[in-house]
Amino acid sequence: MKITLHYIYDPLCGWCYAAEPLLERVLAAPLREQIVFEMHAGGLFQRMTLPQSKRAMIAQADARIASMTGQVFGQPYLDGLLARDDTVYDSLPPIAAILAAGAISAGSEAVMLRAIQYAHYREGRAIVQEDVLADLAQSLQIDRALFIGTYHDILNDNIQAHLDQTLTLMHYAGAQGFPAFVIQKDDVLEKLGHERYYGDAAGFAALVDEKVRPDQDERSSR
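Here our numbering is used: the first residue of the sequence shown is 283, the next is one more, and so on.
Keep in mind that the hints were calculated from the coordinates and are not lab data. Heads up, a few of these hints could be off.
Label-pair restraints from in silico Cβ distances [unchecked claim]:
id, residue 1, residue 2, range
1, Val354, Ala443, 31 to 37 Å
2, Lys284, Asp446, 20 to 26 Å
3, Arg478, Pro312, 19 to 25 Å
4, Gly459, Arg426, 31 to 37 Å
5, Asp446, Gly389, 21 to 27 Å
6, Val370, Met283, 28 to 34 Å
7, Ala484, Glu315, 39 to 45 Å
Since the model is a prediction, treat every value here as computed from it, not as a measurement. Glycine included, each C-beta is placed from N, C-alpha and C at the ideal position.
Required output: the full structure, derived from the provided sequences and hints.
Right, here's the structure in full:
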């Protein structure tokens, strides 16, 4: 039986940053060798600035995330990016960067996502900018020139197809937003209830392990 863990995310989604420890723990667990892992990005923001009221809502959610999970929101983000009226929010450049990193170095999508989240939420860097994304790729030992070329190809030609595929998966899995974790066994999709595991990465890894391991009847039939 083919088992796939799908991670549906957006790099500018605060709750995806809250789920970063869950993802990291699952990918580091022994069960990772038993499953295929795929990431699917959505376009939460597309080239926009946010009114003060929306940014105040985000700040409240960020404070809740920090309390629940211990995730760090740095002052350069809180007093910089989030506080400014002219900060541009655009999910597509960081998504293209993540896809480019994966195209160049297989399996590096999650590491690139983590680097982008840390740059945004901890360091207050403008992750919509190509040079910032190229710096992050280079920090992961990805050739800068190769990254930039691949990034442009994806951003200009392939990214909409990826977003459309994500929306299709969300529809069939019953996922209403970001993030979402979906286990697929052959053609059967099961959305995992990850929300109660914020701050409990070990518990979430145990849940995934339970879902991935064959049940008793299947083991007995072997």
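Status of each hint after checking the structure:
no. : hint                        : result
1   : Val354 / Ala443: 31 to 37 Å : 34 Å, holds
2   : Lys284 / Asp446: 20 to 26 Å : 23 Å, holds
3   : Arg478 / Pro312: 19 to 25 Å : 23 Å, holds
4   : Gly459 / Arg426: 31 to 37 Å : 34 Å, holds
5   : Asp446 / Gly389: 21 to 27 Å : 23 Å, holds
6   : Val370 / Met283: 28 to 34 Å : 44 Å, violated
7   : Ala484 / Glu315: 39 to 45 Å : 18 Å, violated
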